[in-house]
Amino acid sequence: MLPGLAREAVTRARKASATRAAKAASAPIAEVDPVARVLVDLPLAHLDRPFDYAVPAAMADDLLPGVRVKVRFAGQDVDGFVIARAGESEHPGRLAPVRRLVSPESVLSPAITTLCGAIAERYAGTRSDVLRLAVPHRHAGAEKESSPPRLLPVVDLQAGISAWGGYANAPAFLTHLAAGGDPRAVWSAGPGADWPVMLAHAVAATLAADRGSLVCVPDHADVARLDAALTEVLGPDQHVVLTADAGPARRYREFLAVRRGARRVVVGTRAAAFAPVHDLGLVVIWDDGDDQHAEPRAPYPHVREVLLLRAEQEGTAALLGGFARSVEAQQLLRTGWARPLELGRSDLRASVRTEIAGADDRTLERDPLARSVRIPQEVHRRVRAALNDGPVLVQTPRTGYAAALACVRCRTPARCGSCHGPLALPDPTSPPTCRWCGTAAPAWACPECGERGLRAPVVGQARTAEEFGRAFPGAAVRVSAGERVLTTVDRTPAIVVATPGAEPVAEGGYAAVVLLDTWLALGAPHLRAEEEALRRWSNAVGLVRPGGRALAVGDPGQPALQALVRWDHAGFAEREAQARREAHLPPASRLATIVGEVGAVDDVLTLLERPAGTEVLGPMGIERSDPPEVRVVVRVPRAQGAALSAALGEVQRLRSARKLDPVRIQVDPPTL
Numbered sequence: 152m153l154p155g156l157a158r159e160a161v162t163r164a165r166k167a168s169a170t171r172a173a174k175a176a177s178a179p180i181a182e183v184d185p186v187a188r189v190l191v192d193l194p195l196a197h198l199d200r201p202f203d204y205a206v207p208a209a210m211a212d213d214l215l216p217g218v219r220v221k222v223r224f225a226g227q228d229v230d231g232f233v234i235a236r237a238g239e240s241e242h243p244g245r246l247a248p249v250r251r252l253v254s255p256e257s258v259l260s261p262a263i264t265t266l267c268g269a270i271a272e273r274y275a276g277t278r279s280d281v282l283r284l285a286v287p288h289r290h291a292g293a294e295k296e297s298s299p300p301r302l303l304p305v306v307d308l309q310a311g312i313s314a315w316g317g318y319a320n321a322p323a324f325l326t327h328l329a330a331g332g333d334p335r336a337v338w339s340a341g342p343g344a345d346w347p348v349m350l351a352h353a354v355a356a357t358l359a360a361d362r363g364s365l366v367c368v369p370d371h372a373d374v375a376r377l378d379a380a381l382t383e384v385l386g387p388d389q390h391v392v393l394t395a396d397a398g399p400a401r402r403y404r405e406f407l408a409v410r411r412g413a414r415r416v417v418v419g420t421r422a423a424a425f426a427p428v429h430d431l432g433l434v435v436i437w438d439d440g441d442d443q444h445a446e447p448r449a450p451y452p453h454v455r456e457v458l459l460l461r462a463e464q465e466g467t468a469a470l471l472g473g474f475a476r477s478v479e480a481q482q483l484l485r486t487g488w489a490r491p492l493e494l495g496r497s498d499l500r501a502s503v504r505t506e507i508a509g510a511d512d513r514t515l516e517r518d519p520l521a522r523s524v525r526i527p528q529e530v531h532r533r534v535r536a537a538l539n540d541g542p543v544l545v546q547t548p549r550t551g552y553a554a555a556l557a558c559v560r561c562r563t564p565a566r567c568g569s570c571h572g573p574l575a576l577p578d579p580t581s582p583p584t585c586r587w588c589g590t591a592a593p594a595w596a597c598p599e600c601g602e603r604g605l606r607a608p609v610v611g612q613a614r615t616a617e618e619f620g621r622a623f624p625g626a627a628v629r630v631s632a633g634e635r636v637l638t639t640v641d642r643t644p645a646i647v648v649a650t651p652g653a654e655p656v657a658e659g660g661y662a663a664v665v666l667l668d669t670w671l672a673l674g675a676p677h678l679r680a681e682e683e684a685l686r687r688w689s690n691a692v693g694l695v696r697p698g699g700r701a702l703a704v705g706d707p708g709q710p711a712l713q714a715l716v717r718w719d720h721a722g723f724a725e726r727e728a729q730a731r732r733e734a735h736l737p738p739a740s741r742l743a744t745i746v747g748e749v750g751a752v753d754d755v756l757t758l759l760e761r762p763a764g765t766e767v768l769g770p771m772g773i774e775r776s777d778p779p780e781v782r783v784v785v786r787v788p789r790a791q792g793a794a795l796s797a798a799l800g801e802v803q804r805l806r807s808a809r810k811l812d813p814v815r816i817q818v819d820p821p822t823l
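Start counting the sequence shown at 152; every next residue gets the next number (my numbering).
Just so you know, these hints were derived from the structure itself, not from any lab.
All residues carry an ideal CB built from backbone N, CA and C; glycine is no exception.
Take these hints with a grain of salt, some might be off.
[What the hints assert, rightly or not] Label pairs and their in silico Cβ distance ranges:
id	residue 1	residue 2	range
1	Glu516	Asp345	49 to 59 Å
2	Glu760	Val524	50 to 60 Å
3	Gly316	Gly589	47 to 57 Å
Using the sequences and the accompanying hints, generate a full structural model.
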């Protein structure tokens with residue numbers, strides 16, 4: 152009975168659908184601009200283009216560019232966006248009519264439509280994937296609400312120039328913004344800089360010319376700081392916050408306020424990069440080297456590239472800021488696309504003094520083990536002195552208790568007997584546990600010498616906090632890492648142990664900052680290890696109060712540490728850029744990774760029309776992939792970057808049309 156009833160239900164549904172289709176086909180068509188060009192939400196690369204549909208007369212007034220619709224495609228109702236109306240179509244046959252107007256709300260502006268197409272082309276992806284990043288899911292209740300009126304703030308340009316005091320070219324930059332210009336700058340913030348307030352004044356200067364601003368920051372802690380600063384400088388109800396986890400109703404409501412022009416200032420994480428700001432005059436990215444700016448979903452665009460492309464297409468000003476300077480930002484300065492905003496050397500020397508433990512002979516005489524122990528005596532002296540003035544930040548690069556273990560006798564790394572993964576101690580009372588499969592190994596014995604004792608060559612923030620608690624029994628020790636991240640701490644003297652990116656902001660700044668285990672950050676196995684290490688250290692030192700002290704434990708001759716001591720991010724970025732040019736690595740070149748099963752990757756390489764100067768590196772097997780996958784790196788000179796993206800996009804379309812096994816193509820991944 153049930154199968155028969157199911158077949159009957161399917162038959163009735165098909166008949167009803169056919170009836171609706173027949174009624175829609177017989178409905179009168181609009182007399183003016185009867186053709187709607189629709190971007191259909193299809194993941195297939197070979198269908199990534201607009202399709203023409205007839206405009207029913209009943210929808211003619213509401214079927215405007217940017218609205219959501221339902222159309223018939225391959226026998227199914229699918230979602231789409233109207234991107235244009237036209238008087239005629241190149242399609243020779245009869246056009247299928249638009250099935251349904253989902254909402255008369257225009258959510259896709261022409262500028263964002265153009266941007267999505269450019270991003271899809273740049274990253275060898277599809278516009279449907281980019282549109283999912285650009286336009287949030289519809290929330291019908293939010294559409295029924297009216298957006299609040301737009302208020303004009305009172306802008307004090309002189310207050311902004313004062314807030315940026317000491318930075319060369321900053322007065323000219325702000326004045327140019329207030330005049331409606333499009334200056335472009337790379338800003339190297341000095342230690343202790345109140346960067347949210349400074350950015351808020353740059354936004355205010357842009358508003359003075361009745362133009363909008365878009366500011367993207369790496370995480371929610373930065374969003375909260377900038378949100379407060381914008382409220383302080385501009386007043387309430389002048390900006391919106393767009394983040395991916397704001398909730399569907401709130402995010403869509405804020406999105407509509409921007410799309411309708413009720414708000415012209417947007418701050419958020421990478422979800423805000425496509426915000427449809429009216430009369431956009433300034434795009435800002437803070438800490439562009441942070442990997443959180445890289446979208447983890449296809450086509451994997453980077454916020455920096457999205458904003459720079461918007462600046463070019465919409466003729467806006469651009470500002471890339473951070474305590475450190477990325478190699479890509481240095482490239483913009485080198486080509487003359489942007490100008491630097493930097494503190495003078497005298498102001499830098501007054502803002503912070505950074506040293507390396509055991510860097511001079513006098514210190515080594517007092518502590519011969521300063522360069523060999525994890526926490527030398529100089530760290531204890533510095534922390535003890537700084538606790539008299541306020542909180543002290545201790546940055547350590549690993550979470551957990553003992554993040555790696557080794558034999559206490561022969562130093563052989565401790566491995567799991569089940570999966571050969573690394574063993575670690577989650578806390579002081581638990582047995583060694585595999586970090587891969589979670590298997591406990593209470594009876595572990597060294598396979599080389601039989602010793603059962605373990606040592607911890609790499610310890611996490613929990614063990615570090617424990618060690619500082621023993622060394623300073625009268626001081627409060629606070630931990631910020633993992634699931635427990637502190638956003639702020641007060642002026643009370645305390646030792647704050649934090650992992651990179653989880654450092655809380657201290658009221659009035661930290662009296663001192665200590666950087667531990669610098670060798671561990673430098674030893675990361677990827678292209679940007681030194682650049683990333685310097686960025687993380689600089690972000691920690693940037694939290695020090697004016698006139699504070701910073702102490703790093705590491706090799707005094709290491710170039711990244713030397714750059715930190717001199718606060719010479721420009722010189723370090725230029726040296727890194729030169730090394731990249733010599734090694735033919737980004738940003739001096741353009742590359743893409745192709746990941747998939749062996750046969751699929753080989754098929755891509757066979758179909759790929761390689762631009763001049765193309766190099767193919769690999770294939771290389773990917774560990775622990777099931778089924779087994781390989782990765783190939785395709786590299787071309789920078790001038791051939793657009794040709795490589797176009798060739799990869801064409802391969803995706805060819806393989807999509809043939810329904811071949813998918814591969815993952817990522818253009819300019821943040822790291823290899």
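Indices of hints not satisfied (ascending): Number 1 only.
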